[in-house]
Amino acid sequence: MDKPHPVVTAVLYGLLTLGALIALLPFAWVLFGAFKTQAEIMSAPGAWLPQNFGNVSNFIALFAERMFGRYMLNSLIVSSATVVTNVLFATMAGYALAKLEFPGHKLVFACVLTAMMVPYIALFVPQFFIIVQMGLVNTLTAIVLPMAVMPIGVFIMRQFADSVPTELLEAARIDGAGEFAIFFKIFLPLVGPAMATVAIITFLNSWNYFLWPLIVAQNQDTYTLPVGLAVASQGAKSTDYGLLLAGAIVVLLPVLILFLFLQKYFVQGIAGTGIK
Amino acid sequence: MKHLMIAAALLAATAYATPFAFAQSPIDDTPATGTLQVWIGGAEGEKLPAFLADFKAANPGLDVQVTQIPSDQFDTKLLTAIAAGTVPDLVRLYSQSQSGLLATGAFAEVPAGLVDPESFFTNTYNTTVKGGVAYGLPWDAYATIFQYRKDLADKAGLEAPKTWDELKTFAAAMKEQGVEWPISLDVGYDIYNAQGLNEYVHQNGGSFINADQTAWTINSPENVAALEYWGSLISEGFASPDGPKFLDTVPWFTSGQIVAKDNGPWLEQWLVDANGADWVKSNLATAPVPAGPDGSFSALGSGSVAVLKDAKNPDAAWKLARYLTEPATQIAWYKTFGALPAVKAAWDDPSIASNPLLDAEREALQTAVDIPQVATWPQVGTYLGQQMELVARGQASAKDVLDDVQSFAEGAGLGN
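Residue numbers (this note's numbering), protein chains in the order written: chain A, 1 to 276; chain B, 1 to 416.
It is possible that some hints are incorrect.
[What the hints assert, rightly or not] With the C-beta cut set under 8 Å, the calculated list includes, among others, these residues of chain B facing chain A: (1) 42; (2) 65; (3) 73; (4) 80; (5) 84; (6) 86; (7) 249; (8) 250; (9) 274; (10) 277.
[Unchecked claim] Here are the in silico distance ranges between beta carbons for each label pair: (11) A:184 - B:61: 55 to 61 Å; (12) A:49 - B:326: 45 to 51 Å; (13) B:33 - A:133: 26 to 32 Å; (14) A:63 - B:215: 51 to 57 Å; (15) A:22 - B:192: 45 to 51 Å; (16) A:65 - B:356: 55 to 61 Å; (17) B:221 - A:133: 51 to 57 Å; (18) A:49 - B:157: 25 to 31 Å; (19) B:58 - A:134: 53 to 59 Å; (20) B:33 - A:53: 49 to 55 Å; (21) B:413 - A:159: 58 to 64 Å; (22) A:63 - B:403: 32 to 38 Å; (23) B:336 - A:53: 40 to 46 Å; (24) B:166 - A:11: 56 to 62 Å.
Think of the hints as simulated: they come from the structure by calculation, not from any bench. Each residue gets a CB set at the ideal place from its N, CA and C atoms; glycine is no exception.
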């Protein structure tokens with residue numbers, strides 16, 4: 001293929017840069033806003049840049065007065081636990097559904113697909129009843145449990161497991177490997193990218209999950225970051241926008257760091273599954 | 001939709017639960033003991049624990065646990081808790097959104113003799129009264145008032161308009177001064193638009209619902225005429241259908257793009273935040289909302305504290321509720337948080353009585369009108385607010401819109 005004319009390239013890059021700038025503008029506003037005082041945000045016409053980038057009072061207030069340290073710890077615990085359980089169990093389920101013959105495996109897969117189609121809000125009250133019966137109200141365990149195996153993860157792993165050659169697994173079986181050895185030593189190393197995809201999707205879901213953690217928590221010690229952010233931003237008679245924006249940055253930061261490290265898998269995961 | 005599903009599940013869940021009736025025992029004056037769980041939305045929860053220092057000192061055997069809940073999800077969380085039986089003892093209710101919660105029947109009656117109902121603004125007290133029984137105590141009260149740019153009005157030699165006709169004269173004179181949109185109306189703000197229209201409707205002798213709250217009367221001739229008047233403020237060029245949107249109110253008001261708005265008393269603090277107290281002192285004035293043929297009626301907003309039937313410590317909960325509605329506590333809370341007292345006597349305190357901007361507010365609270373306290377109001381009000389936009393943009397007549405909303409409301413029922 002011929003190289004495009006330099007002018008065409010220049011125009012394309014120009015347009016892309018413009019598009020990127022437009023997409024980034026709201027984020028820039030959030031970032032700048034985090035360093036503004038309430039008066040600066042409410043004043044007209046609002047300036048783009050804060051008067052003083054050294055004004056980190058919003059961030060200090062979040063951690064010193066609004067328990068953000070606690071919320072962040074809770075969020076990290078919940079998200080890590082969810083990622084571990086989802087990756088492990090979804091991979092196992094995906095392997096079983098794709099590679100093992102057992103009675104009713106089509107039915108099980110159908111159940112997984114059906115579960116994906118039920119709006120989560122419909123399960124809310126029954127789920128909460130179960131949690132109450134288990135005596136787990138107001139625990140982080142109760143936040144993790146309903147998300148411990150998400151059907152979407154099982155679906156992704158099952159589709160990916162299908163592409164692993166069955167011959168490879170059979171060869172191991174002939175060589176005398178047990179089912180667990182095949183799973184951990186042969187299968188797992190081959191499905192790394194899919195596991196990363198599931199891990200990322202799960203992390204994003206559980207990191208941003210708002211309603212369920214709010215329902216389960218009975219006091220603020222068990223709030224996660226999104227719940228804490230919703231509470232902290234509410235000032236007397238109006239929203240405290242400085243706090244809200246600073247909080248948004250705090251919530252966003254771990255995801256951003258994760259993205260920088262796992263960029264390749266993010267793109268692969270979204271392109272490969274068509275799900276984001 | 002979310003609320004509907006939870007409500008449906010809730011009904012199913014409570015169907016088999018036998019209601020447990022507590023004997024009404026009077027609340028005595030001994031110190032409360034045990035643990036008291038309080039759920040409260042918004043920023044109030046941030047200030048409340050420290051504010052309760054005196055109450056805690058007077059009740060040393062009591063452990064008060066205050067949990068802040070994000071306001072916009074408060075109903076969802078409480079509905080789920082009611083369904084599962086994991087309720088707190090005392091919660092904060094908002095008159096605008098409480099009807100769905102009260103309809104669950106999960107709240108306890110206010111014990112006889114706990115407070116004097118006469119000590120509250122009557123309309124405010126009535127926001128939690130159902131079938132003659134009170135299920136909560138008003139904690140704070142708001143009414144919309146006519147707020148305008150005093151400096152610009154003075155320059156044009158104008159007084160605050162007292163009637164619908166004067167409002168148009170006021171606006172026309174401001175337009176001559178070069179103000180593009182003298183009056184600010186909310187358009188595209190859903191249920192809040194409907195709440196705003198409720199003012200005009202009552203000013204014109206109408207109501208969205210009949211007196212005993214058993215039938216919708218949305219398309220009554222009085223209401224149609226009220227919506228026509230509202231629409232004429234836009235069609236005659238006195239207000240824009242495109243703004244200011246909620247957050248733009250302060251900058252538009254500051255720059256003089258708009259000069260008047262029916263708004264709650266919080267606007268003063270917003271303007272202080274943005275422009276400083278001196279600016280507010282010389283540029284902001286308030287007055288009762290312009291009267292229609294039937295008088296001047298503001299939109300009422302109120303917050304109550306209520307105790308759950310399944311509360312584990314109702315005695316302590318009612319003692320706290322009683323404490324919060326004592327005049328001295330109400331004044332202290334006003335000074336701490338800025339929430340205006342629901343108890344009339346508290347308004348005589350110099351901190352409130354000496355603020356001229358609150359004179360109109362005090363007057364407005366005597367007659368301010370509540371939204372229909374029925375469980376389907378959130379759906380009906382939201383739909384009405386959306387359809388009002390058709391009138392604002394000249395795409396439908398007031399009559400057609402209200403006929404349509406009436407049939408929508410009849411379909412939705414009352415939900416009680």
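The hints, checked one at a time:
1. About 4 Å separates the beta-carbon of residue 42 of chain B from the nearest beta-carbon of chain A, less than 8 Å, and the hint is met.
2. Because the beta carbon of residue 65 of chain B sits about 6 Å from the nearest beta carbon in chain A, less than 8 Å, this interface hint is met.
3. Below 8 Å, beta-carbon pairs count as interface contacts, and residue 73 of chain B has one with chain A at about 6 Å; its hint therefore holds.
4. Checking residue 80 of chain B against chain A by beta carbon gives a least distance of about 5 Å; that is within 8 Å, so the hint holds.
5. The interface hint given for residue 84 of chain B holds, since its Cβ lies 5 Å from the closest Cβ of chain A, which is under the 8 Å cut-off.
6. With a least beta-carbon distance of about 6 Å to chain A, the hint placing residue 86 of chain B at the interface is held under the 8 Å criterion.
7. Given hint, residue 249 of chain B at the interface with chain A, is violated; its Cβ is 10 Å from that chain's nearest Cβ, farther than 8 Å.
8. Interface restraint check for residue 250 of chain B: the shortest CB-CB distance to chain A comes to about 5 Å, inside 8 Å, so the restraint holds.
9. Hint on residue 274 of chain B holds. Least Cβ distance to chain A is approximately 4 Å, under the 8 Å limit.
10. Here the hint on residue 277 of chain B is broken, as its CB sits about 12 Å from the closest CB of chain A, past 8 Å.
11. Between residue 184 of chain A and residue 61 of chain B the Cβ separation comes to about 58 Å, which falls inside the hinted range of 55 to 61 Å.
12. The supplied range of 45 to 51 Å is met by residue 49 of chain A and residue 326 of chain B, whose beta-carbon atoms lie about 48 Å from each other.
13. Distance hint check: the CB atoms of residue 33 of chain B and residue 133 of chain A are about 30 Å apart, consistent with the given range 26 to 32 Å.
14. Between residue 63 of chain A and residue 215 of chain B the C-beta distance comes to about 54 Å, which sits within the given range of 51 to 57 Å.
15. Judged by the Cβ atoms, the range 45 to 51 Å given for residue 22 of chain A and residue 192 of chain B is violated: they are separated by roughly 31 Å.
16. In this structure the supplied range 55 to 61 Å is violated for residue 65 of chain A paired with residue 356 of chain B, their Cβ-Cβ distance being about 34 Å.
17. With their beta carbons about 55 Å apart, residue 221 of chain B and residue 133 of chain A fall inside the hinted range of 51 to 57 Å.
18. Checked against the hint of 25 to 31 Å, the pair residue 49 of chain A and residue 157 of chain B fails, with Cβ atoms roughly 41 Å apart.
19. Under the hint 53 to 59 Å, the C-beta atoms of residue 58 of chain B and residue 134 of chain A, about 39 Å apart, miss the expected range.
20. For residue 33 of chain B paired with residue 53 of chain A, a C-beta distance near 51 Å keeps the hint of 49 to 55 Å intact.
21. At about 46 Å, the beta-carbon gap between residue 413 of chain B and residue 159 of chain A misses the expected band of 58 to 64 Å.
22. Between residue 63 of chain A and residue 403 of chain B, the C-beta spacing of about 55 Å breaks the proposed range 32 to 38 Å.
23. Roughly 32 Å separates the CB atoms of residue 336 of chain B and residue 53 of chain A, a value that falls outside the hinted 40 to 46 Å.
24. The hinted range of 56 to 62 Å is satisfied by residue 166 of chain B and residue 11 of chain A, whose Cβ atoms lie roughly 59 Å apart.
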